[in-house]
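What follows is each chain in one-letter form.
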Amino acid sequence: MSARGIASGEALSWIGAAAAILAVFFLLMLMVGAPVGEALQGFFNGAFGGRRFSYLMTTLSRAALIIGMAVSVMLSFRAGLFNIGGEGQLVAGGLVAALAAILLPGPPLLVLVVSILAAMLAGAVWALLAGVLQLYVGVPLLVGSLLLNYPARYIASYLVAHPFRDVQSGMLQSHLVPQDMWLPYFPGTRLDIGILLIGFVAVGAIVYSYTTLHGYRARMNGLSPDFARAVGLPVTRLALSTLAMSGAIAGLVGAVAVFGIHHRYIDGMLVQPLYAWTGIIAVLLVGMAPWAVPLSGLFFAAVQTGAAGMERAAGVPKEIALIMQAVIILFVATRVSGALLASSERRGADGA
Amino acid sequence: MLDLLFDSSFAASVPRFVTPILLAALGGALCERAGVFNIALEGFILVGAFFAVLGSYFTGSPWFGALAAILAGIGMGLIFAEFNLRRGGDPIVVSIAINLLAAGLTTYLLRAIFDVIGAFTDPNIVGFRPIKVPVIESIPLLGPILSGQPILFYVALAAVPAVHYFLARHRLGLRMRAAGENAAALQAGGVSPQKVRLWALVACGMLCGLAGAQLSIANVSLFVENMSAGRGWIAVVAVLLTRGRPLPLFLIAVIFGAVDSFSFRVQGLGLAQQFTDMMPYLATLLMLVGLSWWRRRQEV
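Chains as they are written, first to last, in the working numbering: chain A, 2 to 353; chain B, 3 to 302.
It should be emphasised that the hints constitute simulated quantities derived from the structure, not laboratory data.
Hints are supplied without guarantee of correctness; some may be wrong.
Simulated DEER-style distance windows between Cβ atoms [unchecked claim]:
1) Ala186(B) <-> Ala20(A): 27 to 37 Å
2) Leu288(B) <-> Leu105(A): 26 to 36 Å
3) Ala19(A) <-> Gly90(B): 30 to 40 Å
4) Gly192(B) <-> Leu31(A): 40 to 50 Å
5) Gly34(A) <-> Glu227(B): 18 to 28 Å
6) Val135(B) <-> Ala20(A): 51 to 61 Å
7) Val126(A) <-> Val135(B): 47 to 57 Å
8) Pro274(A) <-> Arg245(B): 29 to 39 Å
9) Val118(B) <-> Leu296(A): 29 to 39 Å
10) Pro274(A) <-> Ile133(B): 35 to 45 Å
11) Arg52(A) <-> Trp295(B): 58 to 68 Å
12) Val232(A) <-> Tyr167(B): 44 to 54 Å
13) Ala186(B) <-> Pro164(A): 56 to 66 Å
Straight line, CA to CA, 20 Å or less: simulated SDA-like cross-link-like pairs of lysine to any residue [to be verified]:
14) Lys319(A) <-> Phe116(B)
15) Lys319(A) <-> Ile119(B)
16) Lys319(A) <-> Val226(B)
17) Lys319(A) <-> Ile115(B)
The structure presented is a predicted model; accordingly, all values stated were derived computationally and were not measured.
Note that beta-carbon positions come from the ideal geometry of N, C-alpha and C, so glycine has one too.
Hey, can you work out the whole structure from these sequences and the hints?
See below:
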């Protein structure tokens, strides 16, 4: 086939994928009998509009957390480490951030900084736990990191349900962190400056991935672990340091959620919105290309807040966002990231 | 204290917890042996659980509920096959997407069809009744375990030797193993490995669908959002631990089921629910650690 033939075939199959995604969308709308025009209007309003752009701010605030988790996952995935335990690392960070801020004495700014660092440490430790299990015990990272999500979730739930519970609130949540530690809002909005922190980390991760020796070696390990080992890279240290970075970023995201958005730890606040899983699919959507990860995270955040807008405007259950995200991943990521993920150590890699 | 924990009603409750893990893990084992890396069991089960309730609610019969669960499971298997086998998507990516799809689809349909959020319970959902097995019923100790269980427990028990025999003797079973161990040889023999894998995914979907049915219309008669609650992941670990061999798989499933049942039990004794909820995952992790450690030592 001529090069042109291949190109047009490629374009055709992308059009086919887009048509299929749209077909699923309209099928779902048809099922609940929603007025499509109003729903779409609700979508764009929910994602980018609102009075004084309040919904746009919600989208950005959510995007910050998703992009943070996506960057965390991106570092691991590029290094060939299938760390799908971001949720546990996120929860560990959020919990430690809230508890440290409530319990530690001292000047607010100092406590804030210490709490954020403690959150990053907690996330890193949780990620390293999975790494140690893989490297020194032989438990595959994929399942080890995933299974560690559950203890993190339940330990956090226990701590805010019993010893550190704000009993008077009647909910499963910790006390509020002192108000002078809350991240300030941008003037005239309800968007906190946590997005700047995340943006800073995202830029750092992109620069790290493209330009540093450590990032280059990690990528080499991801593309061919055998080659990395053969040329004498310290693969164990490389894996552990990469996992620690991933975990620390996830922990930071937890801290941003606490100090910027909720101002306390509420049971399930980091688990139910599926930040970690959305981060993973945001990375898969763009085939792990670092520069595109923030855009992809923003896209999924808009899909989610847009779906909430469709629910308000046209009564479409907002869970449509989850379905559409999964469908998009099925049609797009399976094509983009097929080769990139082929280097995992799982068996049966000869297949497909 | 101890006899409070391990009385006969504890024993009788173990099969309820063994059944879903065992059924799903057997399905996962077929995929594993056929060379399909399927870690979407969680999503398969969840969809099965939902459609079991749907089928039972609209027909008034748990049998049609189970049938709906099977069909829905097959549907999930076909989606997996389409994107992994035909379009060549990475199985991990496909699995993650399918798990999310299952979570979204079940909550969406819950609201679209029944107009409820969170949980759906209704007198029209008819669950499976326990079956009393005549002679076995009166055996001391084993009686309450082996008799008086819902039908799916017996299906799961029968499925263990069936899958074992299928993989050891049956033509398609042998081809599945060939597809997993040496796909090129199978291809050279004129059999398409992809077609064989498709059958593995279909069978896996059926078994996971039944696992979901056990959760929603045998253990209880209702559907709760995300009610598979990690059991699919435990089944994945069971498959990894046994490398997809049905007989050891049975043992592992029984252990997990016992832990699950135990954690349910101690909840009644005042231990915080968070700790009992955590138990199955910690047990899974411990078992994984123990076996990996042991395998490493064997290899050295």
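These are the hints, each one checked on the structure:
For the pair alanine 186(B) and alanine 20(A), the beta carbons lie near 36 Å from each other, so the given range of 27 to 37 Å is met. In this structure the hint that leucine 288(B) and leucine 105(A) lie 26 to 36 Å apart at CB holds, the actual value being about 34 Å. The beta-carbon spacing between alanine 19(A) and glycine 90(B), approximately 19 Å, falls outside the hinted interval of 30 to 40 Å. Taken as a hint, the range 40 to 50 Å holds for the pair glycine 192(B) and leucine 31(A), whose Cβ atoms sit roughly 44 Å apart.
In this structure the hint that glycine 34(A) and glutamate 227(B) lie 18 to 28 Å apart at CB holds, the actual value being about 23 Å. Distance hint check for valine 135(B) and alanine 20(A): the Cβ-Cβ separation is about 54 Å, which falls inside the suggested range of 51 to 61 Å. A hinted range of 47 to 57 Å for the beta carbons of valine 126(A) and valine 135(B) is consistent with their spacing of about 51 Å. Distance hint check for proline 274(A) and arginine 245(B): the Cβ-Cβ separation is about 36 Å, which falls inside the suggested range of 29 to 39 Å.
Against the hinted window of 29 to 39 Å, the Cβ-Cβ separation of valine 118(B) and leucine 296(A) comes to about 36 Å, which satisfies the hint. The supplied range of 35 to 45 Å is met by proline 274(A) and isoleucine 133(B), whose beta-carbon atoms lie about 43 Å from each other. Checked against the hint of 58 to 68 Å, the pair arginine 52(A) and tryptophan 295(B) passes, with Cβ atoms roughly 59 Å apart. The hinted window of 44 to 54 Å between valine 232(A) and tyrosine 167(B) holds, with their beta carbons roughly 48 Å apart.
For the pair alanine 186(B) and proline 164(A), the supplied restraint of 56 to 66 Å holds, since their beta-carbon distance comes to about 59 Å. A C-alpha spacing of about 15 Å is found between lysine 319(A) and phenylalanine 116(B), which places the hinted pair at or below 20 Å, so the restraint holds. As the CA atoms of lysine 319(A) and isoleucine 119(B) are separated by approximately 11 Å, the hinted pair is consistent with the 20 Å bound. With a C-alpha separation of about 17 Å, the suggested pairing of lysine 319(A) with valine 226(B) holds against the 20 Å cut-off.
At most 20 Å may separate the alpha-carbon atoms for a hinted pair to count; lysine 319(A) and isoleucine 115(B) meet this at roughly 14 Å.
In summary, the structure is inconsistent with hint 3 from the numbered list given earlier, while agreeing with all the others.
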